[in-house]
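Now that you have both chains on their own, put them together as the hints suggest.
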Amino acid sequence: QQQVKQSPQSLIVQKGGISIINCAYENTAFDYFPWYQQFPGKGPALLIAIRPDVSEKKEGRFTISFNKSAKQFSLHIMDSQPGDSATYFCAASDSGGSNYKLTFGKGTLLTVNP
Amino acid sequence: DTAVSQTPKYLVTQMGNDKSIKCEQNLGHDTMYWYKQDSKKFLKIMFSYNNKELIINETVPNRFSPKSPDKAHLNLHINSLELGDSAVYFCASSQEGSSYEQYFGPGTRLTVT
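Respectively, the protein sequence lines represent chains A and B.
Residues in the first sequence are numbered consecutively from 1262, following the numbering used here.
Residues in the second sequence are numbered consecutively from 8, following the numbering used here.
So that you can see chain B by itself, here it is in the shape it has in the complex (with noise of 0.2 Å):
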């Protein structure tokens, strides 16, 4: 059983495209996070749900637009993607008040042509 899985894993798509990747954790976690991951390997936080609410939004553009449906799935829409969009994202979950200890999926590798 994976434990966080994200669809889908490669994304390739022209600039001003919009484009969804979806989470979905199947560890009872309360807490999912977004990371943008650039080509120095450079983990960057951009946004923290718990239990369904915004926690964290770290200064992302509004083209970057988070959705949690339920606990168990943290969606991530991408409005008129450009160049620097192109990096691998993860999704992330996390007990709640465990952060430190953190589930990471396997990536989504998005390239912008």
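Only chain A is shown next, with the shape it has when bound in the complex (with noise of 0.2 Å):
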């Protein structure tokens, strides 16, 4: 049972365009969900995170966009570079619940070209 679902599984987007990945959810216990991004041969690392009572956090040209009555999130990256392309997952966890595990999404993998 897939918790977390991402998609796309794979983006292409033109240096200067908009990059989204779209990620739902299905436990309402879920109160934070993070996004991690992995460049090829690194670990993931947090990239910005969103708690359900803030429909829209922005970092920079990421910007993390909520809807908790579709149990949907997004994350939309400005103005991508190439140095965006990337792995990024979205993630979700359960602070009242099981405090030890995060909830990963499949992966989306970004190709920014130049």
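No incorrect hints appear here.
With a straight-line cut-off of 27 Å between C-alpha atoms, the simulated DSSO-like cross-links for lysine-lysine are:
1) 16(B) x 59(B)
2) 43(B) x 1303(A)
3) 51(B) x 1332(A)
4) 1319(A) x 1367(A)
5) 1303(A) x 78(B)
6) 26(B) x 1362(A)
7) 1276(A) x 48(B)
8) 1303(A) x 59(B)
9) 1367(A) x 43(B)
10) 78(B) x 43(B)
11) 47(B) x 1332(A)
12) 1362(A) x 48(B)
13) 16(B) x 1362(A)
14) 29(B) x 1367(A)
15) 1367(A) x 47(B)
16) 29(B) x 1303(A)
17) 1362(A) x 29(B)
18) 43(B) x 1266(A)
19) 1362(A) x 51(B)
No wet-lab data here; the hints were simulated from the structure.
Here you go:
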């Protein structure tokens, strides 16, 4: 049972364009939604995170949009750059329940063409 | 200073062998994790330890045995290696209560031939 569904599986964007990755979750107990970025040959690294009491969080060119009623959240990368080419994972955690588990989506391979 | 380190980075071995992967974190975190990333990049939690106590064991075969000698170390021992064990294994750590913010090691690419 996949608790966090991520789409698309891969995405190709031109430099300067907007990259959008979507995720949907099922467990309403989830209360923290981070995004991780993974470059080839490296471990994932936390990029940005949001709590469900906020509808949007922006850090530089990266924005998370959150729709609690639809149980969906998305990552927007503005002015995408070739250096943003990486695999992006959405995730969800439940701090009230199992406080030691992060449930990941299956990842999106982003390629930004110069 | 490397926050989460793993050794070795690459491990090539034959079926049936026993091998270990070591992980150390210098962040002062209480919780450590092992993940398996398959060829499709899917990240699957294997184990979670908090203050040296096993918290999560996600239906991992008994051939996999984690050991936490102290809060800064979490090693993974694998017995009787199988072809399907080939993957990249990541160690991670977080503050207790902040599982959303995990710090990952560089990974160990295990190839079983």
